[in-house]
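With the hints as constraints, model all of the structure from the sequences given.
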Amino acid sequence: MTAVAPKPEPTETQSAREIERLLQPINEFLQCRTPGAWLEQAKKPENLPVLLRDHMVCELKAAQSAMLLIRRYAVDEESGNALLAWLKPYEDYTYRLVGNWRELGKHNKLNKRMVPKSERPYSQELIDKMVLLIKEELHHFYQVLEIAQELGIEYDKLTSSRYARGLLTHVRTYEPAALIDKLICGAYIEARSCERFAAIAPHVDERLGQFYISLLRSEARHYQDYLTLAEQIAGDDISDRIAFFGEIERDLIESPDPDFKFHSGLPA
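All letters in the sequence shown, in the order written, are residues 108 to 375 by this note's numbering.
In case anyone wonders, no lab produced these hints; they're calculated from the structure.
Some hints here could point you the wrong way.
[Unchecked claim] For lysine to any residue, the following SDA-like pairs were computed, each having C-alpha atoms within a straight-line distance of at most 20 Å:
1. Lys195 to Tyr262
2. Lys213 to Glu232
3. Lys195 to Lys151
4. Lys242 to Arg328
5. Lys151 to Glu338
6. Lys242 to Asp199
7. Lys224 to Lys151
8. Lys224 to Leu239
9. Lys219 to Leu175
10. Lys168 to Gln250
11. Lys151 to Leu373
12. Lys168 to Lys150
13. Lys150 to Arg328
14. Lys224 to Gln339
15. Lys195 to Gly206
16. Lys151 to Gly342
17. Lys168 to Val311
18. Lys216 to Glu232
19. Lys219 to Gln250
20. Lys219 to Val238
21. Lys168 to Leu275
22. Lys264 to Asp199
23. Lys242 to Leu194
24. Lys236 to Leu315
25. Lys236 to Val222
26. Lys195 to Lys216
27. Lys224 to Val238
28. Lys242 to Glu226
29. Lys151 to Leu315
30. Lys224 to Gly342
31. Lys168 to His277
In structure tokens:
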């Protein structure tokens with residue numbers, strides 16, 4: 108039998124091209140780039156603990172947001188309870204400092220089949236996309252914890268940044284408009300996360316920088332999943348609504364913000 112030659116590692120140029128390819132649609136979607144002043148703060152070693160802790164919480168919140176969408180719009184009560192049980196160990200550790208973080212990796216599995224609501228034709232696709240997203244976000248949550256431990260950074264609770272709240276404040280209050288707006292907000296949060304992964308990666312420890320690039324590779328499609336669902340549910344053009352939230356997101360990124368976090372605005 109002829110031996111199969113090992114696949115060659117990508118060169119630095121190939122990796123740079125791949126990153127640029129992944130970032131191009133993200134940068135076209137976002138209305139601004141991360142300000143240089145924010146990046147200068149992110150590069151400071153003394154800010155790394157808050158950056159990593161907040162990033163970890165962001166991964167959990169992304170999973171929670173996806174879970175809430177499934178529970179609110181797509182499944183029966185029993186399935187919803189299974190989702191709550193899935194995330195509970197992560198929430199206990201993050202918000203109540205209960206449990207051993209090393210045990211969390213054992214919980215990244217949904218133990219019940221989700222039963223879609225028959226009266227909502229988009230339920231199954233919402234379930235499929237959001238359950239996959241939850242699995243990835245919880246895996247990344249655990250990876251951030253591992254890297255923080257390697258770097259000697261213990262987890263401690265943080266206050267929330269203004270970013271997600273600043274977007275969700277503008278969600279309409281009637282359906283299906285509320286769901287469409289929530290999905291658009293989710294798209295912006297995911298896209299900004301990827302843009303920042305790429306922005307930070309060259310300026311941190313090599314291990315952490317490689318991790319951020321791996322997150323960019325795995326999460327680059329998330330914002331598109333959100334937009335696809337929003338367009339399907341709307342059944343009509345939503346470009347005006349996307350632009351509306353794009354302006355809000357840009358203001359949150361470019362306006363002064365006294366609270367330095369992963370998604371914070373211009374350092375005040």
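Results for each hint:
The hinted pair formed by Lys195 and Tyr262 meets the criterion: a straight-line CA distance of about 18 Å does not exceed 20 Å. Taking the CA atoms of Lys213 and Glu232, the gap is near 26 Å; set against the 20 Å cutoff, the hint is violated. Pair hint Lys195 plus Lys151 does not hold up; C-alpha atoms about 34 Å apart against a cutoff of 20 Å. The hinted pair formed by Lys242 and Arg328 meets the criterion: a straight-line CA distance of about 14 Å does not exceed 20 Å.
Between Lys151 and Glu338 the CA atoms are separated by roughly 40 Å; this puts the pair beyond 20 Å, and the hint is violated. Between Lys242 and Asp199 the alpha-carbon distance is near 17 Å, which keeps this suggested pair within the 20 Å criterion. Using a Cα cut-off of 20 Å, the hinted pair Lys224 and Lys151 is violated, with the two alpha carbons roughly 49 Å apart. For the suggested pair Lys224 and Leu239, the alpha carbons sit about 19 Å apart, so the restraint of at most 20 Å is met.
For the proposed pair Lys219 and Leu175, the alpha carbon gap of about 16 Å is at most 20 Å, so the pair holds. Pair hint Lys168 plus Gln250 holds up; C-alpha atoms about 15 Å apart against a cutoff of 20 Å. Distance hint between Lys151 and Leu373 is fulfilled; the C-alpha atoms sit about 15 Å from each other, no more than 20 Å. About 24 Å separates the Cα atoms of Lys168 and Lys150, which puts this hinted pair outside 20 Å; it is violated.
With a CA separation close to 27 Å, the supplied pair Lys150 and Arg328 exceeds the 20 Å bound. The straight-line distance between the Cα atoms of Lys224 and Gln339 is roughly 17 Å, inside the 20 Å bound, and the hint therefore holds. Of the pairs offered as hints, the one joining Lys195 and Gly206 holds, with about 11 Å between alpha carbons and a cut-off of 20 Å not exceeded. Proposed proximity of Lys151 and Gly342 is contradicted: the alpha carbons are some 46 Å apart, above 20 Å.
Of the pairs offered as hints, the one joining Lys168 and Val311 is violated, with about 24 Å between alpha carbons and a cut-off of 20 Å exceeded. Restraint check for Lys216 and Glu232: the C-alpha separation of about 19 Å stays at or below 20 Å, so the hint holds. For the hint pairing Lys219 with Gln250, the CA-to-CA distance comes to about 24 Å; that exceeds 20 Å, so the pair is violated. Proposed proximity of Lys219 and Val238 is supported: the alpha carbons are some 11 Å apart, at most 20 Å.
A C-alpha spacing of about 13 Å is found between Lys168 and Leu275, which places the hinted pair at or below 20 Å, so the restraint holds. With a CA separation close to 12 Å, the supplied pair Lys264 and Asp199 stays within the 20 Å bound. For the suggested pair Lys242 and Leu194, the alpha carbons sit about 10 Å apart, so the restraint of at most 20 Å is met. With a CA separation close to 27 Å, the supplied pair Lys236 and Leu315 exceeds the 20 Å bound.
In summary, the hint linking Lys236 to Val222 is supported, as the alpha carbons are separated by about 14 Å, within the 20 Å threshold. For the given pair, Lys195 sits about 12 Å from Lys216 by alpha-carbon distance, which is consistent with the 20 Å threshold. Distance hint between Lys224 and Val238 is fulfilled; the C-alpha atoms sit about 15 Å from each other, no more than 20 Å. Annotation: proposed proximity of Lys242 to Glu226 is violated, straight-line Cα distance about 26 Å (limit 20 Å).
A distance of roughly 14 Å separates the Cα atoms of Lys151 and Leu315; the hinted pair therefore holds under the 20 Å criterion. A distance of roughly 19 Å separates the Cα atoms of Lys224 and Gly342; the hinted pair therefore holds under the 20 Å criterion. At most 20 Å may separate the alpha-carbon atoms for a hinted pair to count; Lys168 and His277 meet this at roughly 19 Å.
The structure does not agree with the numbered hints 2, 3, 5, 7, 12, 13, 16, 17, 19, 24 and 28 stated previously, though it agrees with the rest.
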